[in-house]
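Undergrad: Letter by letter, the chains look like this.
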Amino acid sequence: MKKVQFGPSWTPYLLLAPQLIIVALFFLWPAGEALRSSFYLEDPFFGNATFVGFDNYVDSTSAADYGRSAQFTAVFTVSICVISLGIALALAVSADAVLRGKSPYKTALMWVYAIAPPVAGLIGVMMFDQHIGPLSDFARWLGWEMQVGVSYFDTAVAMITVAAWKQIPVNFIFFLSGLQGIPNSLREAAAIDCRSPARRFWTVVFPLLAPTSFFLLVINITYAFFETFGVIDVMLKGEPGNNPVTLVYKVFLDGFRGQDLGGSSAQSVILMIAVFALTIVQFRLIERRVHYS
Amino acid sequence: MLRSTLLAAALAPAFVLGAGAANAQTEIAWWHAMGGRLGEVVNEIATRFNASQSDYKITPIFKGNYEETLTATIAAFRAGEQPNIVQVFDAGSATIIGAQGAVLPAEDLLKNNGVAFDANDYIEGVRYFYADSAGKMVGMPFNSSTPVMYYNTEALEKAGVQPPKTWEEFEEIAPKLKDAGYVPLAQSHTPWIFVENFFSRHNLQFATNNNGYDGAEGTKLLLSQTPELKRHFEKLKAWKDEGLYAYYGAGWSDNQAPFENGDVAMWLGSSGSFGGLSQSMKAPFQATYLPYWGDVEGAGGTTFIGGAALFALAGHPAEENQASAAFFEYLTSPEIQFYWHEETGYVPITTAAYELAKSEGYYDEAPSAETGILQLSLPGGEWTKGYRMGFYVQIRDVMNREFGKVFAGETTVDEALKTIDEEGDRLLERFAKTSG
Numbered sequence: 001m002k003k004v005q006f007g008p009s010w011t012p013y014l015l016l017a018p019q020l021i022i023v024a025l026f027f028l029w030p031a032g033e034a035l036r037s038s039f040y041l042e043d044p045f046f047g048n049a050t051f052v053g054f055d056n057y058v059d060s061t062s063a064a065d066y067g068r069s070a071q072f073t074a075v076f077t078v079s080i081c082v083i084s085l086g087i088a089l090a091l092a093v094s095a096d097a098v099l100r101g102k103s104p105y106k107t108a109l110m111w112v113y114a115i116a117p118p119v120a121g122l123i124g125v126m127m128f129d130q131h132i133g134p135l136s137d138f139a140r141w142l143g144w145e146m147q148v149g150v151s152y153f154d155t156a157v158a159m160i161t162v163a164a165w166k167q168i169p170v171n172f173i174f175f176l177s178g179l180q181g182i183p184n185s186l187r188e189a190a191a192i193d194c195r196s197p198a199r200r201f202w203t204v205v206f207p208l209l210a211p212t213s214f215f216l217l218v219i220n221i222t223y224a225f226f227e228t229f230g231v232i233d234v235m236l237k238g239e240p241g242n243n244p245v246t247l248v249y250k251v252f253l254d255g256f257r258g259q260d261l262g263g264s265s266a267q268s269v270i271l272m273i274a275v276f277a278l279t280i281v282q283f284r285l286i287e288r289r290v291h292y293s
Numbered sequence: 294m295l296r297s298t299l300l301a302a303a304l305a306p307a308f309v310l311g312a313g314a315a316n317a318q319t320e321i322a323w324w325h326a327m328g329g330r331l332g333e334v335v336n337e338i339a340t341r342f343n344a345s346q347s348d349y350k351i352t353p354i355f356k357g358n359y360e361e362t363l364t365a366t367i368a369a370f371r372a373g374e375q376p377n378i379v380q381v382f383d384a385g386s387a388t389i390i391g392a393q394g395a396v397l398p399a400e401d402l403l404k405n406n407g408v409a410f411d412a413n414d415y416i417e418g419v420r421y422f423y424a425d426s427a428g429k430m431v432g433m434p435f436n437s438s439t440p441v442m443y444y445n446t447e448a449l450e451k452a453g454v455q456p457p458k459t460w461e462e463f464e465e466i467a468p469k470l471k472d473a474g475y476v477p478l479a480q481s482h483t484p485w486i487f488v489e490n491f492f493s494r495h496n497l498q499f500a501t502n503n504n505g506y507d508g509a510e511g512t513k514l515l516l517s518q519t520p521e522l523k524r525h526f527e528k529l530k531a532w533k534d535e536g537l538y539a540y541y542g543a544g545w546s547d548n549q550a551p552f553e554n555g556d557v558a559m560w561l562g563s564s565g566s567f568g569g570l571s572q573s574m575k576a577p578f579q580a581t582y583l584p585y586w587g588d589v590e591g592a593g594g595t596t597f598i599g600g601a602a603l604f605a606l607a608g609h610p611a612e613e614n615q616a617s618a619a620f621f622e623y624l625t626s627p628e629i630q631f632y633w634h635e636e637t638g639y640v641p642i643t644t645a646a647y648e649l650a651k652s653e654g655y656y657d658e659a660p661s662a663e664t665g666i667l668q669l670s671l672p673g674g675e676w677t678k679g680y681r682m683g684f685y686v687q688i689r690d691v692m693n694r695e696f697g698k699v700f701a702g703e704t705t706v707d708e709a710l711k712t713i714d715e716e717g718d719r720l721l722e723r724f725a726k727t728s729g
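Residue numbers (the numbering used here), protein chains in the order written: chain F, 1 to 293; chain H, 294 to 729.
Derived from the structure by calculation, the hints contain no laboratory data. The C-beta atom is built at its ideal place from N, Cα and C for all residues, glycine as well. Don't take every hint at face value.
As the list claims (entries may be wrong) - Label-pair ranges, simulated between beta-carbon atoms: (1) H:Gln-346 to F:Gly-47: 33 to 39 Å; (2) H:Gln-346 to F:Ala-64: 37 to 43 Å; (3) H:Gln-346 to F:Pro-118: 38 to 44 Å; (4) F:Pro-118 to H:Arg-524: 38 to 44 Å; (5) H:Gly-674 to F:Phe-276: 34 to 40 Å; (6) F:Val-218 to H:Gln-572: 37 to 43 Å; (7) F:Gly-67 to H:Glu-527: 26 to 32 Å; (8) H:Gly-591 to F:Gly-67: 37 to 43 Å; (9) H:Pro-672 to F:Met-272: 33 to 39 Å; (10) F:Leu-35 to H:Ser-345: 50 to 56 Å; (11) F:Val-218 to H:Asp-707: 54 to 60 Å; (12) F:Tyr-13 to H:Gly-508: 41 to 47 Å.
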């Protein structure tokens, strides 16, 4: 029999090309450009750049509001993960237990997913409006003089509420499909061994959901970092004032609103490094405890 | 980042459409930031200009809000695709004027194309705001307004008081308004009304280097070194604590809404606000001058304008520049200025247009419309010309943040003014490096 030998072929590269081009065009090039301009102070019109070394980094991080933004970003991210993952899990477990009329429940819980972030932000603006917002009225009824846009804390609460609310359906869908992927035989075996449903959940069901939970954690952190932009933008109504902003939003404020290209590039490089580090931590430390299969 | 290149790529097709086909007419593009009703008026002005002659055709293109328009312009400029005329707002004017060679100064553009230009045709308050240090007009003032005080006449009658001319008078009448069930005072733009125009109304120096006109390098803010300003904010904080002044955040409409609802008796806003107020406000209202401290020597003069100007960008053929000059000439004609004034509430920028509005009896039917221009025609002093500072958008953001903290009780006036000066000076220093 004749042996067929395939010579080196460029077909695989050709097939990979679209992806590689996209990565190069939309990640590597801008990232390199950000890195370069973070060391320069540029005249926006002509691009005449003065090399300033690490000045942009020093100036950006030493501004009074940088630390506050970083702090808020951390609180914002953790709160969104805890709230939206927690509520979504509770809803998914309840929906999973429903035997009749499953789909109306599921649809009702999922539709929020279809709302675009700026629209969610707009709904948030109306709900939390300091003059006519029903949620502000409710807070006042509880004795909390809530003034979104005036009080740093109140605006933070409103932003977290809207951003977390928007993310619940995504988490819900994944949790629900994760739950439905658990074989019934396992549950039945667990039911024979243990009477407490709560204990069964935490010792059997939850560990089996770990891959889903880990995936969602990564997704939610990314969401809180980058995709909440629209919500924040609409809720600030164009004037950041004394309101919380995330680090990503601050990059936009300084770069696009303020034309400080060097400063905002430096901030985006810092952010890139932070996200990179966070991803390593997630995969190194947390994923080890996750059991697939 | 890639933003400038990407933006330019995204914008290029729109621009090509605007610059269009080759016929006998010279076509020019005008990027602006006027949405909604204002945008309709802009389009109407362009249509009228195009109908008034056959040599030139201007195409107005809406580019989003002020910041978006400036960002788009910068991206287009770097790609060599800039429009002929662009609208740039007050806080961005140092960026565009500071970019040497990016702009054809309006005064040169007009003179070089055979259009008569006399700075004295323009009303006092707008004349030098977009000029260089030598007084040459660089940006053509377009939508200009100034802060004035609106008051709910019903509320003042109920409390049995007259609108205050000075802050001293305000202190006397405010408790009466409070007793009558009103929040006496609110305002919609702290940096513009209580800082920039505090300096102009009291004829005080805002920044070194001749308020920044003499160059970006070494310009420093003088907020913490102005005891009059410190006193003003300490009073505001005290009034807020006593319920005589209410702060509803940095958003414009959040502060205007309670005045429209009749909760607030007096509101400091833009001279152009009366149009919107007459539609949304139930109670009758009137406008009067921005109050000042009577005990400050030389106080009570003219104020700064706010808004935006039109800049003719460099890098276009001579016949297109001629078209831009013809459009500027048309735009500043009394008829068009009056039309703009009447439709939008912005002040007319020339004395001739103001005279026309008066002779047409416009102020008999809308007396509030005259307040802004009267205030801008008050005598000026050494420090009422304007100010020129780079990265000013961020400086305003710092002010809003720090004053927000003051009113929330998170910091003291002293600390806030110091922080504004420190962070502002650092921004100014950075800006000097970009243009140096």
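Undergrad: Does each hint fit the structure? Answer for all of them.
TA: Status of the hints after comparison with the structure:
1. H:Gln-346 to F:Gly-47: 33 to 39 Å: holds (37 Å)
2. H:Gln-346 to F:Ala-64: 37 to 43 Å: 54 Å Cβ-Cβ, so the 37 to 43 Å window is violated.
3. H:Gln-346 to F:Pro-118: 38 to 44 Å: Taking Cβ atoms as reference, Gln-346 (chain H) and Pro-118 (chain F) lie about 42 Å apart, which means the hint holds.
4. F:Pro-118 to H:Arg-524: 38 to 44 Å: holds (42 Å)
5. H:Gly-674 to F:Phe-276: 34 to 40 Å: At roughly 56 Å between Cβ atoms, Phe-276 (chain F) and Gly-674 (chain H) fall outside 34 to 40 Å, so the hint is violated.
6. F:Val-218 to H:Gln-572: 37 to 43 Å: At roughly 50 Å between Cβ atoms, Gln-572 (chain H) and Val-218 (chain F) fall outside 37 to 43 Å, so the hint is violated.
7. F:Gly-67 to H:Glu-527: 26 to 32 Å: holds (27 Å)
8. H:Gly-591 to F:Gly-67: 37 to 43 Å: Holds, since Gly-591 (chain H) and Gly-67 (chain F) (Cβ atoms, about 41 Å apart) stay within the stated range.
9. H:Pro-672 to F:Met-272: 33 to 39 Å: violated (55 Å)
10. F:Leu-35 to H:Ser-345: 50 to 56 Å: 52 Å Cβ-Cβ, so the 50 to 56 Å window holds.
11. F:Val-218 to H:Asp-707: 54 to 60 Å: violated (46 Å)
12. F:Tyr-13 to H:Gly-508: 41 to 47 Å: violated (55 Å)
Violated hints for the displayed structure, listed by number in ascending order: 2, 5, 6, 9, 11, 12.
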